[in-house]
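Chains as they are written, first to last, in numbering that gives the first Met the number 0: chain A, 0 to 336; chain B, 0 to 336; chain C, 0 to 331; chain D, 0 to 331.
Errors might be hidden in some of the hints.
To be verified - Listed next, the in silico SDA-like pairs over lysine to any residue satisfying Cα-Cα at most 25 angstroms (straight line):
{"no.": "1", "chain 1": "C", "residue 1": "Lys313", "chain 2": "B", "residue 2": "Gly116"}
{"no.": "2", "chain 1": "A", "residue 1": "Lys117", "chain 2": "D", "residue 2": "Ala315"}
{"no.": "3", "chain 1": "A", "residue 1": "Lys117", "chain 2": "D", "residue 2": "Leu323"}
{"no.": "4", "chain 1": "B", "residue 1": "Lys57", "chain 2": "D", "residue 2": "Gln258"}
{"no.": "5", "chain 1": "D", "residue 1": "Lys89", "chain 2": "D", "residue 2": "Arg68"}
{"no.": "6", "chain 1": "B", "residue 1": "Lys117", "chain 2": "C", "residue 2": "Lys89"}
{"no.": "7", "chain 1": "B", "residue 1": "Lys52", "chain 2": "C", "residue 2": "Leu142"}
{"no.": "8", "chain 1": "B", "residue 1": "Lys117", "chain 2": "A", "residue 2": "Pro303"}
{"no.": "9", "chain 1": "A", "residue 1": "Lys57", "chain 2": "D", "residue 2": "Arg143"}
{"no.": "10", "chain 1": "B", "residue 1": "Lys117", "chain 2": "C", "residue 2": "Asp66"}
{"no.": "11", "chain 1": "C", "residue 1": "Lys15", "chain 2": "C", "residue 2": "Arg68"}
{"no.": "12", "chain 1": "B", "residue 1": "Lys117", "chain 2": "C", "residue 2": "Gly85"}
{"no.": "13", "chain 1": "D", "residue 1": "Lys277", "chain 2": "D", "residue 2": "Val297"}
{"no.": "14", "chain 1": "D", "residue 1": "Lys272", "chain 2": "D", "residue 2": "Asp36"}
{"no.": "15", "chain 1": "A", "residue 1": "Lys117", "chain 2": "D", "residue 2": "Arg143"}
{"no.": "16", "chain 1": "D", "residue 1": "Lys89", "chain 2": "B", "residue 2": "Leu132"}
{"no.": "17", "chain 1": "C", "residue 1": "Lys117", "chain 2": "B", "residue 2": "Val119"}
{"no.": "18", "chain 1": "A", "residue 1": "Lys117", "chain 2": "D", "residue 2": "Ser330"}
{"no.": "19", "chain 1": "A", "residue 1": "Lys117", "chain 2": "D", "residue 2": "Asp87"}
{"no.": "20", "chain 1": "D", "residue 1": "Lys117", "chain 2": "A", "residue 2": "Gly83"}
{"no.": "21", "chain 1": "C", "residue 1": "Lys89", "chain 2": "B", "residue 2": "Gly116"}
{"no.": "22", "chain 1": "C", "residue 1": "Lys89", "chain 2": "C", "residue 2": "Asp67"}
{"no.": "23", "chain 1": "D", "residue 1": "Lys277", "chain 2": "D", "residue 2": "Arg22"}
{"no.": "24", "chain 1": "A", "residue 1": "Lys117", "chain 2": "D", "residue 2": "Lys89"}
{"no.": "25", "chain 1": "C", "residue 1": "Lys277", "chain 2": "C", "residue 2": "Gln296"}
{"no.": "26", "chain 1": "D", "residue 1": "Lys272", "chain 2": "D", "residue 2": "Gln259"}
{"no.": "27", "chain 1": "A", "residue 1": "Lys234", "chain 2": "A", "residue 2": "Thr332"}
{"no.": "28", "chain 1": "B", "residue 1": "Lys117", "chain 2": "C", "residue 2": "Ala314"}
{"no.": "29", "chain 1": "D", "residue 1": "Lys117", "chain 2": "A", "residue 2": "Val119"}
For the record, the hints were derived by calculation from the structure and aren't laboratory data.
Letter by letter, the chains look like this.
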Amino acid sequence: MARTISYREALNEALMQEMERDASVIVMGEDNAGGAGAPGEPDAWGGVLGVTKGLYGKFPGRVLDTPISESAFVGAAVGAATRGFRPVAELMFIDFMGVCFDQIFNQAAKFRYMFGGKAVTPVVIRAMYGAGLRAAAQHSQALYPLFTNIPGLKVVIPSSPYEAKGLMIQSIRDDDPVIFCEHKAMYDTTGEVPAESYTIPFGEANVVREGDDVTIVAFGRMVSVAAQAADELAKSGVGCEVIDPRTTSPLDADTIIESVANTGRLVVVDESTPRCSMASDVSSLVAKEAFGSLRAPIEMVTAPHTPVPFSPVLEDLYVPDAQRVVNAVKTVTGWER
Amino acid sequence: MARTISYREALNEALMQEMERDASVIVMGEDNAGGAGAPGEPDAWGGVLGVTKGLYGKFPGRVLDTPISESAFVGAAVGAATRGFRPVAELMFIDFMGVCFDQIFNQAAKFRYMFGGKAVTPVVIRAMYGAGLRAAAQHSQALYPLFTNIPGLKVVIPSSPYEAKGLMIQSIRDDDPVIFCEHKAMYDTTGEVPAESYTIPFGEANVVREGDDVTIVAFGRMVSVAAQAADELAKSGVGCEVIDPRTTSPLDADTIIESVANTGRLVVVDESTPRCSMASDVSSLVAKEAFGSLRAPIEMVTAPHTPVPFSPVLEDLYVPDAQRVVNAVKTVTGWER
Amino acid sequence: MTETFTSRPAAGLDDKSLLRAYRTMRTIRDFEERLHDEFATGEIPGFVHLYAGEEASATGVCSNLDDDRDSISSTHRGHGHCIAKGVDVKEMMAEIYGRTTGSCHGKGGSMHIADLSKGMLGANGIVGGGPPLICGTALAAKLRGDGGVGVAFFGDGGSNQGTTLESLNLASVWNLPAVFVAENNGYAEATSAAWSVGGGDIANRAAAFGMPGVIVDGFDFFAVHEAAAQAVERARNGGGPTLIEVKLTRYYGHFEGDQQTYRSTEVAEAREKLDCLKRFRRTVTGSGQLTDGQLDQVDAEVARLIDEAVEEAKAAPQPTRADLDTDVYISY
Amino acid sequence: MTETFTSRPAAGLDDKSLLRAYRTMRTIRDFEERLHDEFATGEIPGFVHLYAGEEASATGVCSNLDDDRDSISSTHRGHGHCIAKGVDVKEMMAEIYGRTTGSCHGKGGSMHIADLSKGMLGANGIVGGGPPLICGTALAAKLRGDGGVGVAFFGDGGSNQGTTLESLNLASVWNLPAVFVAENNGYAEATSAAWSVGGGDIANRAAAFGMPGVIVDGFDFFAVHEAAAQAVERARNGGGPTLIEVKLTRYYGHFEGDQQTYRSTEVAEAREKLDCLKRFRRTVTGSGQLTDGQLDQVDAEVARLIDEAVEEAKAAPQPTRADLDTDVYISY
Ligand SMILES: Cc1ncc(C[n+]2csc(CCOP(=O)(O)OP(=O)(O)O)c2C)c(N)n1
Ligand SMILES: Cc1ncc(C[n+]2csc(CCOP(=O)(O)OP(=O)(O)O)c2C)c(N)n1
Ligand SMILES: [Mg+2]
Ligand SMILES: [Mg+2]
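With the sequences and hints as input, model every part of the structure.
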């Protein structure tokens, strides 16, 4: 049975259902219960933006608040994962990776390979990414390319409440370390979500809408931006195929390549900064694997190579919008060799 | 006057000459003097692989050993840079970025933008990268793509002793934060280096060799691998233009695009893992900006999407070699639309 | 080694210094109270963390510092530190409104207000981001030999961050002219410091790294001033770093919007009985050093300043597209 | 809170336990001495950090641990911890030679030997990499309620890393069944611990995070065993974490190849007068619990084992291209 709920609620429900189903699932992070040691109610916060609200009430021993020490508690999640648990650790803002990246990329990500295939480290690291809340340079980044670069990590970017729930459940059940990127400006976005538990497999792109003229690959919140652009373009008869890869690692190369084989044109929409980004990653994939089909340069719509500005005026210019996607599509459809 | 000296000596000479020239240049890192507090000689180590050897003897107050606390001392270098010094901090292995990345990417890199153009942070962070010394997964990575992704950082990768000296001097004099990537397997590589001080500007690629059939863009140690491949290919009449961008950020896009405009073919050689890498970055640049000139798919020769293996047999397979570059060139020259 | 400071008489401060301290505290208070009101109107973008209630800490510490040779780092809750270190209040307000006249041209916002020309290295969005930087500014002062000190402010939450703990050690090992000021307001977001700080008082951590540690009452300007004076003096004279734990209470939520379900009556009580401004007034008028009239005049002047700051900020221009990609680098 | 342990009589250990402990120490010693020789031939790839001299630490601690419910994390100097936690010596040797029969199929090498089935979470190339992981294994044991403990070994250098310091706090706050073993061998590479560890003894840092701290003589197996026994006991019973500082000396350079210009006669003296194996032998033969003959037999058996390990390692197959990209993920 599907109801309309928010992205936040979808995530919360996924966590709730998995904790119910599997006693090895534990949750930890700063104020994930909220208010540890405080005289008020124990679930005072339920996460800084409320994603873990109510979990502590149901599973008190399995929802842990932490001191502000990301290396220690992310590492603890990794360590517990090697000992049979399925921890979901919250890094809060993905921008905080800088104080704990070692535990993620040198420890969790490498255990299996470094130990000759003998480690199992089913840890999920949840983190908010993205601009739009006027949270400025240290709280607004879209850093998934940094994680995508690292072998051993899986990187998930849900683009809707439906995706959020199914991908979170899959992340928890997956035996590899997963970086789960939640767009903080989408928590109140609503959509149809089944009440029952379901999973969405990794590495299988979702073709959000079909079209024959241009392929648009977009990530996370940019999927809806791309879809909006596609709506706009449909009015003038341009058919866009919008692809949401869902996971940047693994990446569903086949779906992208097949689509470009049909359309001959590609636009990649990526909220991150442009250098060594997912925009460049997908472009390079297609320039190598589908060159013969390409009929125009590959356009990339990304944030500029700047930190995220605080000013609302500037931040609105910073984040790719539908108009920029429309322009990029027009560039590639208008291109003559 | 040019002499033949090693990459290590070239770096050491650059540091020495800049410290001599400018009293605001200071050097710090674990055992950069070597043996702080130990009963033996004060310059016992001069850096774990000897790059800072002798500096302490000449400039005792300006070469600082540090406890093993990369966040604190990299941050200290950043802080001192905001107060008129030009610190060169050694991260030792670039793989250690995970314990101090915040001070680099959220602090140093963002100050100027975040503070509205009012900060000056001329810090240089030296770090060893790359495979080849059988140092395994946590001491062999080529992580420059992660830094290249970050606006506000400049990223330098010298490919020879000559480049090492000139780029180091430029890095120290540059007013922006610089990540200086030294390939640890190149320290004993020798080459002609002028005795006097000189700089090599950032963002100006070096065309290592000219050719009309294929453009090869390569970074750091891969430049010599590419040149070797070019030698090999020249025998069968294939002319390769080998480009060393010297800095990945800023990147000299023009030189690359012009070359591809002439050759119509591109191979990128990058020691890092493939996803969101410099290989993908340069490919995407060309697929966007020089598509009209491209006559074949863009090939990328990179490490595989795996951690660096310890086994010498596997590590030798891991690192791109001339044969793989030759094969890639053959693929693009043999390609028919 | 941990020692507790208690209030002392006006500690040899002359009238001018006392008035200046009062003005600083009042400015911080009014700045924050006004932001609280303005935030409620929805006109202020982003996250805002108010320093109201903690004024005696920033003021007590920074009243020992010089503009040029001394530097401070701050936190997400940075307005008070900025004002106490002399950052222009109108520029700060404009920054919080995201205007081009702001301290950071509108690009930083509340969490990144800085003024390097005043030795203010920035509010900081990263908990534990500041202490390493201060090791660097203190090192710079030491190498230069100008007697300057670096002061790192951080919270009880920040006292658990590895970057902070490493910095205590580095400052000790390098014998830096640094002062670490742990502002323990009892909470990190909703998490109680009594729970999160293993080992009880933060000041206890000083001994672990070989420096003196003291605890002061953060409602008492004079206690903070005195403790900081000793630490700064020691630092200037090559005696190395000190850790000062200031115990205090924040009057508002963690950020604006926080419902504060994790605490109950302590704020009302603190406001009523402990408030640093009230206490300061009682002390200096009681001792006869200043009159209520003098202080009232400051109040009036500050009120006007804040009014003007808000008015001017609202009227100031927004950045434009041309500002988006400038100032990423110094040279391109 | 810091307390110093001194040697005690055989502390109630039966003959079998004593022999086992001796065998472990002897195995570590011979393993390392042999690697020292083999490294000199140039046949061993990569960086090798030898544990010779420190055997009583790993052995004294791990002799209190179970295979299954207890776990340890280690450092770049990990061979001793691996052997003491029961990792197969021949597989270890093969790993160091990079062979498919190695503990990690040749993919990890000296710095990454692990055996999760034995609760050995890996040597670790990152200084400070282990303590956070141990907070997790200790948490797992606590949640499971199986009485298990997690033990993090780290060096004097590692005691300054923020990740280590954070972990002390987290373990304290979560009241974890964890033991932190700081192996203070006086140096981090060439840097003296007397210089780098602000605050003197590492054990002093325990109080800063609210746990007991003790110092033990790392040449004395019995002292280490006893201190660890108490800490492990406390942890198993819900009494929370302990920090144990073990003072010892490494017999070789930081890594093989280090010229050790930063120290002089201390190693020769330690080998001569303090050596843990000699001391153990004196104690147990002196008390009459074991005979020289029994110990000599162990020596002979261990020598044979190491010979075989090296021989088999050298003869073992190298990985092949097919191994390069397997085992990055469990599912693709
Ligand atoms: C590294 C990092 N982790 C987490 C956060 C989110 N965060 C911002 S403020 C805060 C609480 C800080 O508490 P404290 O240090 O006591 O300062 P206070 O807010 O009480 O002034 C947290 C968890 C952050 N900004 N940076
Ligand atoms: C994060 C990090 N920084 C630096 C290093 C380089 N390094 C390896 S071992 C070592 C010294 C470690 O000293 P200590 O912790 O005392 O251990 P010991 O070698 O004495 O056993 C250093 C600096 C590293 N591996 N990881
Ligand atoms: Mg607080
Ligand atoms: Mg040591």
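Going down the list of hints, with the structure as the test:
| no. | hint | result |
| --- | --- | --- |
| 1 | Lys313/C with Gly116/B | holds (22 angstroms) |
| 2 | Lys117/A with Ala315/D | holds (20 angstroms) |
| 3 | Lys117/A with Leu323/D | holds (15 angstroms) |
| 4 | Lys57/B with Gln258/D | holds (22 angstroms) |
| 5 | Lys89/D with Arg68/D | holds (24 angstroms) |
| 6 | Lys117/B with Lys89/C | holds (17 angstroms) |
| 7 | Lys52/B with Leu142/C | holds (21 angstroms) |
| 8 | Lys117/B with Pro303/A | holds (20 angstroms) |
| 9 | Lys57/A with Arg143/D | holds (18 angstroms) |
| 10 | Lys117/B with Asp66/C | holds (17 angstroms) |
| 11 | Lys15/C with Arg68/C | holds (22 angstroms) |
| 12 | Lys117/B with Gly85/C | holds (16 angstroms) |
| 13 | Lys277/D with Val297/D | holds (14 angstroms) |
| 14 | Lys272/D with Asp36/D | holds (23 angstroms) |
| 15 | Lys117/A with Arg143/D | holds (22 angstroms) |
| 16 | Lys89/D with Leu132/B | holds (24 angstroms) |
| 17 | Lys117/C with Val119/B | holds (14 angstroms) |
| 18 | Lys117/A with Ser330/D | holds (14 angstroms) |
| 19 | Lys117/A with Asp87/D | holds (15 angstroms) |
| 20 | Lys117/D with Gly83/A | holds (14 angstroms) |
| 21 | Lys89/C with Gly116/B | holds (18 angstroms) |
| 22 | Lys89/C with Asp67/C | holds (21 angstroms) |
| 23 | Lys277/D with Arg22/D | holds (13 angstroms) |
| 24 | Lys117/A with Lys89/D | holds (17 angstroms) |
| 25 | Lys277/C with Gln296/C | holds (15 angstroms) |
| 26 | Lys272/D with Gln259/D | holds (20 angstroms) |
| 27 | Lys234/A with Thr332/A | holds (15 angstroms) |
| 28 | Lys117/B with Ala314/C | holds (23 angstroms) |
| 29 | Lys117/D with Val119/A | holds (14 angstroms) |
Violated hints: none; the structure is consistent with every hint.
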